[in-house]
Structure formats: structure tokens, C-alpha cells
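Construct the complete structure from the given sequences, taking the supplied hints into account.
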Amino acid sequence: MSQQDTRPDAETYDVRAVEQKWLPVWEQLQPFRADDDSPREKRYALTMFPYPSGDLHMGHAEVFSLHDVVARYWWQRGYEVLNPMGFDSFGLPAENAAIRNDEHPATYTRGNIARSIESCRHLATSFDWSRTFNTSDPEYYRWTQWLFLKLREQGLAYRKKSPVNWCPNDQTVLANEQVVQGMCERCGAEVTKRDLTQWYFKITDYAQELLDDLDVLEPTWPARVVTAQRNWIGRSEGAHVRFVVPGREEPLTVYTTRPDTLFGATFMVVAADAALAGDLVTDEQRPAYDDYLAEVRKATEIERLATDRPKTGVFLGVHAVNPVTGAEIPIYAADYVLADYGTGAIMAVPGQDQRDWDFAQVFDLPVVRTVEPPEGWEGDAFTGDGPAVNSANADISLDGLGVDEARRTTIAWLEQQGLGKGTVNYRLRDWLVSRQRFWGPPIPIVHCDACGEVAVPEDQLPVRLPDDLKGADLKPKGVSPLAAAEAWVNVDCPQCGGPAKRDSDTMDTFVDSSWYFLRYCSPHLEDRAFDTDLVDAWGPCDIYIGGVEHAVLHLLYARFVTKVLADLDLVGFREPFAAQLNQGFVINEGKKMSKSLGNGVNLGDQLREFGVDAIRLTLVFAGPPEDDIDWADVSPGGSLKFLQRAWRLSGDVTSAPGTDPASGDVALRRVTHRTVHDCEELIEGHRFNVVVARTMELVNATRKAIDSGCGPDDPAVREAAETVAILLSLVTPYVAEEMWERLGHEPTVARAGWPVVDPALLVEESVTAVVQVQGKVRARLEVSPEISDADLEAMALADAGVQRALEGKTVRKVIVRAPKLVNVVAG
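Under this note's numbering, the residue at position 64 of the sequence shown is numbered 64, and the numbers go up by one with no gaps.
Be careful, since some hints might not be right.
[Unchecked claim] Straight-line distance between alpha carbons at most 16 Å, and here's what the computed EDC-like set of lysine to aspartate or glutamate pairs gives:
id, residue 1, residue 2
1, 641, 697
2, 475, 103
3, 470, 486
[To be verified] Okay, the calculated beta carbon distance ranges per label pair:
id, residue 1, residue 2, range
4, 549, 785, 46 to 52 Å
5, 638, 205, 50 to 56 Å
6, 205, 608, 48 to 54 Å
7, 549, 297, 26 to 32 Å
8, 421, 549, 37 to 43 Å
No lab work stands behind these hints: they were computed from the structure. By construction, the Cβ of each residue, glycine as well, lies at the ideal position given by its N, Cα and C atoms.
Structure representation (C-alpha cells):
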């Protein structure tokens with residue numbers, strides 16, 4: 001059924017015709033193309049670029065609509081705005097689709113990108129399409145490979161063998177950040193461990209700076225993102241302590257945050273899957289250890305760290321010497337210690353750690369408390385503060401000291417004795433960037449038997465992906481499909497000319513997105529990744545809008561890469577995103593949209609039924625940007641009706657364009673100017689839904705003024721209608737452009753300029769003071785905003801309605817809050 005048949009007044013405003021009318025006009029005018037040479041102050045508005053998995057969905061429409069409010073507002077305020085869009089086009093979905101469809105991943109990717117661009121244009125987003133690119137373009141990933149080589153030159157990219165997270169479904173390794181509750185964050189498969197030689201970026205070299213700079217970002221970043229990054233970096237202070245192992249040349253070093261509890265260390269635990277455990281175990285204990293290790297490898301890290309998990313382990317057959325007591329303590333392998341935390345070994349202090357306590361109970365190991373619990377303590381391990389006990393030998397005594405002082409004293413003694421050293425540790429681990437899949441940037445390294453690892457010379461970049469692999473060639477095999485592409489993998493060594501092989505792994509797609517915002521500043525540059533001068537002119541990004549699901553992954557990596565490039569003098573700032581805004585999710589009936597649940601809402605269907613503007617308005621008006629939007633609770637039909645009312649308003653204006661509004665109705669002008677003033681503050685505070693509400697109020701006030709005799713030829717009516725058009729241009733561009741034309745102006749309203757507020761019109765001539773007697777409203781008085789408390793009290797008590805309410809009563813107290821409230825207490 002046509003829209004004209006189902007909605008009142010639709011015959012006066014044809015949504016489809018208006019959309020078809022203005023799209024080609026905007027395409028010709030290009031109002032949002034950023035000028036690098038503009039003398040105007042620059043602003044960089046960035047939204048997280050999408051993966052082209054198909055057409056746009058409701059989530060895309062939401063984030064683009066919210067982002068557009070900011071970008072269009074900056075244009076209206078007279079800034080030169082860089083607002084680019086590209087596509088994060090490498091990754092598993094395209095590769096899996098290629099396998100299913102027996103095609104090259106590029107085919108799937110190109111089709112989806114074309115569809116997404118068309119939908120973005122229809123959605124009337126203010127992106128500068130002259131700067132677009134895709135991360136799977138060789139012209140782009142050439143510079144991703146260059147970035148890899150730059151990090152390697154700085155000692156920040158290296159290769160090592162270690163236990164890694166392995167997704168058995170996607171047949172590739174995962175960074176720690178890509179494992180969510182023991183599952184692959186992409187496909188949901190349970191993650192296991194494998195020993196593989198992989199490439200890493202040394203992000204840990206920047207751990208402290210990444211942590212410190214969160215203090216700078218805290219005022220302008222969402223609190224939960226800052227907290228997530230702090231927790232992920234996980235700084236802790238403690239000491240490395242050396243334990244002698246009789247019969248072993250090298251002492252065993254452990255990291256502990258509580259060196260003050262050394263006197264209570266009655267055993268040691270090594271991660272069962274750490275190489276150290278295999279080195280320590282005796283021949284006699286080897287069979288038991290091997291059996292135990294096989295069981296441990298079946299568990300996820302989340303399961304292993306669960307506090308309610310029963311404690312298991314195996315004695316390794318060796319002992320270590322406690323450096324403060326001199327006692328030999330047994331060494332166990334267990335699953336509750338992780339191989340990549342600290343040194344993979346811990347000193348176990350059951351008196352002060354609950355997991356150690358539980359382990360000690362299972363294996364009947366001694367417990368020595370080193371911190372005095374409070375009187376009446378009946379618990380197990382005591383982890384709180386208190387005086388040290390049982391902590392003295394001939395050289396050092398901690399007894400009676402508080403935890404902090406005991407910690408400092410112990411570290412000083414260990415360093416003096418050469419038994420340990422104070423140190424800082426981080427939860428953060430180096431970024432694993434190797435992937436055993438095809439659709440990603442090839443790692444620009446050649447492996448030569450004679451020369452070892454050899455970097456591909458920069459003038460030979462990009463190392464292109466072969467274009468003759470597709471379908472079955474790409475099926476996961478546990479190693480990259482590129483390893484079997486003999487014509488591609490077998491090359492001459494760039495250094496000696498002998499036979500060599502290319503590295504067949506590709507890079508994590510988060511490497512692509514760690515620097516893409518820099519490329520937007522000079523996207524067509526052929527001899528460099530980006531123009532440093534232009535990056536410094538536009539950057540850092542003034543606002544970054546996207547999903548909170550990237551709170552750690554992408555944002556942490558982009559911050560790291562920016563700091564590295566700053567150290568190379570390639571960018572002039574150390575943080576890439578000055579401010580950030582997260583949008584919520586679009587759900588339906590209280591649940592995530594899903595075909596299986598039968599609650600999916602198709603964006604295309606909604607656009608066809610209600611039009612782009614109504615959907616955009618609904619998404620922005622639904623609530624604060626960070627809140628989820630339940631589509632079952634909103635009304636795009638109601639949004640359309642409001643837009644029709646606003647559109648009709650523009651047709652009622654009869655005064656000529658350019659008419660001086662100064663002679664117009666003062667009351668309406670006050671509403672208009674107050675609305676503009678308030679919307680400025682609301683937009684800066686990201687309260688976009690309230691901006692819509694204030695615009696609706698202005699439409700109603702203007703209609704009321706016309707209907708009450710103000711007249712359509714009053715200059716104040718024109719001023720109000722033009723203001724409505726400009727405000728709506730931030731959210732509903734089609735209606736706004738149509739209104740602007742009906743008001744007699746040339747396109748485009750998006751560059752009309754922000755209305756100038758007259759401060760004199762913001763001054764209230766009178767305010768309404770509410771007078772309450774015994775909590776009930778008895779009068780409303782129109783008074784001067786400058787009225788004194790004494791004068792307002794006198795006026796209130798003199799009011800006839802107040803006097804009637806007080807008849808027969810004694811005034812006990814009068815509370816005055818000039819100019820808006822008087823509260824009379826009587827008895």
C-alpha cells in the first residue's frame with residue numbers, strides 16, 4: 001500500500017519524491033568535501049568504519065545518524081570538517097563467503113562495498129566520499145605492510161614460539177583481547193591453546209604511557225571505556241624474587257605483589273602449560289605431569305581462573321629454597337596459574353591467598369599466616385590489611401608493620417641481599433598479529449635458510465595476495481592457505497638471491513584499523529602512508545563515535561600505533577582520539593534482533609515505509625546516544641507526522657527572504673533564540689535527543705503564534721521557520737532542504753550557517769513564581785527575574801488566593817527562593 005494512502009497529509013509531502021529530488025543535487029554540490037587549504041578552523045569527525053558484510057543495518061543507521069548531528073553542526077558553525085568514510089574490508093566473513101560460493105574474497109567484498117555506499121548516500125550521511133578507501137585495496141595494505149616493517153625496525157615486531165589462543169573453527173590464532181569468556185569473539189567457538197611461532201607487536205613497551213594518558217582522556221571519553229582499558233593494562237607493583245632450586249643452575253624467579261608475605265610461602269606453583277614446568281619435572285614424575293598437562297589443555301583460561309573451580313595439580317618432584325626462611329618448599333604444577341602471567345610461577349602463601357589456601361587443603365600443605373587477622377576471624381585466607389606476624393629471621397623482622405611498610409622493607413632487603421628486585425608488572429601482553437587465513441595483509445617477511453628473516457624492501461611493497469585462489473583453496477587447514485600457493489610462496493631472498501619462502505601468515509585486521517584515520521588525511525598519496533603536515537593539521541580526531549565493543553581491542557591498538565608513529569616524528573600528537581562517544585544497540589522487544597527469535601527489523605523495509613528522515617529522527621530522538629533503543633517502544637510513524645507539520649510550517653511563511661526579524665513578534669523571537677542557545681549547549685553535551693525535543697517545541701510555538709494572530713507575514717515567523725530548517729538539517733536533511741527551498745533560499749541548508757543568538761532576547765522579562773501553602777499551590781505570580789526575597793514574600797502574602805488559604809491560620813514560616821518559589825508553612 002502506498003504511503004499516500006495510509007497517512008494523513010501525505011499528499012502534501014511525498015517522501016519518496018523529495019528523496020529522489022535532493023540526492024542528485026547534493027551529489028552535484030558536494031557540500032561536505034573537506035578543503036585541506038581552507039583558512040577556516042579544522043575539525044575532524046570520525047566514525048568507526050564498518051565491515052562490509054552486506055547492506056547497512058539498524059545499528060549502522062543509528063551510529064551514522066548520531067555522528068551526523070555533530071559533523072553537520074560543525075559545518076553550520078563555520079568549521080572546515082573532515083568527515084570521511086571507508087571500509088574495513090579484510091577479515092574472515094569475506095573469506096568464509098568465498099569458500100561457500102567458490103569465489104575470490106574480493107568479489108564478495110566489492111559487491112558489499114558498492115551496496116553499502118549506495119545505502120549511505122540514500123541515508124544522506126555527510127561523508128566526504130572523495131577520500132574513501134578499503135583496507136583490502138593493495139594501495140592501502142601496502143602501507144599496512146610498511147607499518148609492520150617500521151615497527152620491526154624499532155624492535156617492536158618480533159617472532160617467537162609460545163602457547164597461543166587457537167580457534168578450532170576459524171583455524172587461526174587469536175590475540176588475548178579477541179577471547180571473550182573463553183570463546184572466539186568472532187565465531188563463538190571455544191578457544192584452545194597451541195604452541196606456535198607467531199609475530200607479535202611489543203605493545204607492552206608502551207604499557208605505562210597507555211595507562212598514564214588515560215588520565216588525560218578521562219574527561220572526554222566514556223567512563224566505562226577508560227575503566228576497561230585500565231583494567232586490561234592491569235598495572236601492579238611488587239617484586240621479582242629468586243628461589244634457589246637445589247641441583248638447578250638457574251634460580252626460579254617469581255613475580256609477587258605481596259613480597260611482605262614471603263615468610264608464609266610454604267610451596268610454589270608453576271603453570272602446568274609453561275615451558276618451565278616441563279624443565280623442572282623429574283623423570284619419576286614425568287608420566288603424572290604429562291597426563292595432567294593433557295587435561296589442563298582442555299580447559300579455557302576463564303575456567304582455569306574461576307574461583308570456585310576445584311584445585312588440582314601434580315608434584316614436580318623438586319623443591320625450592322624460601323629465601324627468607326631457608327626452608328625447602330615443594331614445587332607443583334597446577335592449572336590456576338597462567339603461563340603468560342609474570343614468569344609463569346608463583347610463590348604460594350595460603351594464609352593470605354584464597355586460591356593457595358584451597359590448594360593447600362587439597363594437598364595437605366602447611367599454612368603460615370603472615371598478617372594478623374582481626375579478632376574473631378574465622379575465615380580461611382585473610383587478604384586484608386593488618387600487622388605482620390610470623391615474619392622475622394636473624395636479618396630482617398617485619399612483625400608489627402602494616403602491609404605497605406612491610407612490602408617496602410622486604411623489597412629493600414631483597415635488593416640488598418641480591419635475592420630480588422622491586423618491579424612493576426602489567427596484565428597487558430604483547431599483541432599477537434599473525435593469522436593463518438588468506439584474506440588479510442601478507443606479512444612482508446621472507447624466510448631464507450642462509451639469511452634468516454629478511455624484510456621485503458619497501459620499494460617491493462605491496463606484497464600482493466594472489467588472485468587465483470578461491471573456494472576450496474581457502475579452506476582452513478591449520479596453516480595459512482598461502483603456504484600451499486607455491487608460485488606465490490617460493491621467492492628469491494632479497495638479501496642473498498638464494499631460494500627462500502614468503503611468510504605465509506597474514507596480519508590481524510586490527511592492524512589495518514590501527515592507522516586508517518591517518519590515511520584519510522591524504523588518501524591518494526602514492527609515495528607515503530600519509531602526509532604528516534596534513535595529519536597534524538587535521539588531527540587528532542576531535543570526536544570518535546562507535547560501539548563500546550571496541551573499548552579495548554581497536555582503541556588500545558590505535559593508541560599504541562599512534563604513539564609509535566609519534567616517536568618516529570611522523571605524527572605530532574600521541575593520542576589519536578581527543579573525545580569519544582559510544583552509541584547503544586538497537587534491539588527489539590527487549591532482546592537483540594535475530595531472525596531465529598523472529599524479532600528482526602530490516603532497515604530497508606523501515607526506510608521504504610517511513611522514509612530516511614523519519615528513521616533518522618526516531619533513532620536520534622529515542623534517548624541519550626549511549627542508551628539502547630528498543631524498536632518496539634519507538635514510533636517512526638509519529639516522527640513522520642511531526643516532519644510533515646514542520647514542512648507545512650515552511651509553506652505558511654509569506655514574508656520575503658532576508659526580511660529583518662527585529663520588528664517581529666518579541667515573544668516568538670525569544671523562544672527561537674532561547675532554542676538556538678540551548679541547542680548549542682545540548683549538542684556539545686551530546687544530548688541530541690533533547691535537541692530534537694526543543695526543535696519540536698519551537699515548531700509548536702511557531703504554529704501557536706500563527707494561529708493566535710501573529711500572522712504568516714510576521715518576520716518572527718520566518719525567523720522561527722528558518723531556524724527549524726537549520727536545526728532539522730542536523731538530523732533530517734531531506735525535510736530541512738525542502739523547507740529551505742520553500743522559504744525561498746538556494747541549496748544547501750547544510751551550509752546555511754548557525755543562527756546568531758541575540759543575548760538581549762535571552763533575558764527573561766518575567767518569570768512565574770509558584771506560591772505554596774502547606775505544600776499546595778495557591779498562586780502563580782508573574783514577577784521580575786531580579787525580584788528580592790523580601791519583595792516576593794510580600795507579594796505572595798498579599799495575594800487573595802494565599803490569604804484565603806491562610807484564613808484562620810498563623811504563619812509559622814515562609815521559605816523564599818526568589819524568583820520562582822514561595823513556600824508558606826502555617827498552623
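Taking the hints in turn, this is what the structure says about them:
Between residue 641 and residue 697, the direct Cα distance comes to roughly 14 Å. Compliance with the 16 Å bound is thereby established for this hinted pair. Taken as a hint, the residue 475 and residue 103 pair is honoured in the structure, with Cα atoms around 12 Å apart against an allowance of 16 Å. Note on residue 470 and residue 486: the hinted pairing holds, with a Cα-Cα distance of about 15 Å set against a maximum of 16 Å. About 48 Å separates the C-beta atoms of residue 549 and residue 785, a value consistent with the hinted range of 46 to 52 Å.
Between residue 638 and residue 205 the CB atoms are about 54 Å apart, so this pair conforms to the stated range of 50 to 56 Å. A hinted range of 48 to 54 Å holds for the C-beta pair residue 205 and residue 608, which are about 52 Å apart. Range check, residue 549 to residue 297: about 29 Å between beta-carbon atoms, so the 26 to 32 Å window is met. Distance hint check for residue 421 and residue 549: the Cβ-Cβ separation is about 39 Å, which falls inside the suggested range of 37 to 43 Å.
The earlier numbered hints are all upheld by this structure, with none contradicted.
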